[in-house]
Amino acid sequence: RINALSFYEMTFKALPYLEASKGHIFTTSSMGGEIPASFSSIYSSSKHAVNGFFYSLQQELLARQSPVGVTVGALGFILTDDLDAIYGEDKSLFPSFAQGDVHVCATGMMDSLIIRPRTFSYPFIANKLQRFMWYINPYYQEMIINSMPIETVDRLLNTMKEQSEIRGFQKGNF
Numbered sequence: 044r045i046n047a048l049s050f051y052e053m054t055f056k057a058l059p060y061l062e063a064s065k066g067h068i069f070t071t072s073s074m075g076g077e078i079p080a081s082f083s084s085i086y087s088s089s090k091h092a093v094n095g096f097f098y099s100l101q102q103e104l105l106a107r108q109s110p111v112g113v114t115v116g117a118l119g120f121i122l123t124d125d126l127d128a129i130y131g132e133d134k135s136l137f138p139s140f141a142q143g144d145v146h147v148c149a150t151g152m153m154d155s156l157i158i159r160p161r162t163f164s165y166p167f168i169a170n171k172l173q174r175f176m177w178y179i180n181p182y183y184q185e186m187i188i189n190s191m192p193i194e195t196v197d198r199l200l201n202t203m204k205e206q207s208e209i210r211g212f213q214k215g216n217f
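Just so you know, we're using this note's numbering here: the sequence shown kicks off at 44 and counts up by one.
Keep in mind that the hints were calculated from the coordinates and are not lab data.
Careful: at least some of the hints might be erroneous.
[Unchecked claim] With beta-carbon atoms standing in for the labels, derived distance ranges:
hint, residue 1, residue 2, range
1, ILE193, LYS65, 33 to 43 Å
2, ALA47, ALA149, 16 to 26 Å
3, LEU58, ILE85, 23 to 33 Å
4, LEU200, GLU62, 37 to 47 Å
5, GLN102, ILE193, 35 to 45 Å
6, PHE140, GLU103, 34 to 44 Å
7, ARG107, ASP197, 49 to 59 Å
8, LEU58, PRO160, 14 to 24 Å
9, HIS146, PRO59, 31 to 41 Å
10, MET191, GLY66, 42 to 52 Å
Even for Gly, the Cβ is constructed at its ideal location relative to N, Cα and C.
All chains, please: the whole structure from these sequences, using the hints.
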């Protein structure tokens, strides 16, 4: 509920004020909302809902010639404190070009408020590559999972389960 419904409610309440001020909405989402993400079905489904809402809102606002802009922030693997807690020093699953710096990401998000792109992807190359691979080969994710050692898959599943329990997903708080 928090990952999707709260976005809708806040947006509808803020829209009249944003229209009056010619404002801009930047929503922080995830690559998990752009393409399916293994080991995170609940998280990914809530992000698909958020992305679908804001991409549709973009089109509705454009059709009405509204002065309000919308940018969907499709963020990938950003090296935050949370991810350090999950992965520690072992970030070997993610090549260096797919690891984003939190400060560079924040700067890009701030720049988006001025530039007003429809989508802000970061890390740029990794996210564009993931989208491209998904659209030309829907089995792309399956190939990645099948290439992982079973120990890595088990570790990812256990980590996601622990994170889900910590964040309350099992109680339906998403």
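Starting from the hint list further up, note which numbers the structure goes against and sort them upward.
-> Hint check: 1 fails alone, others pass.
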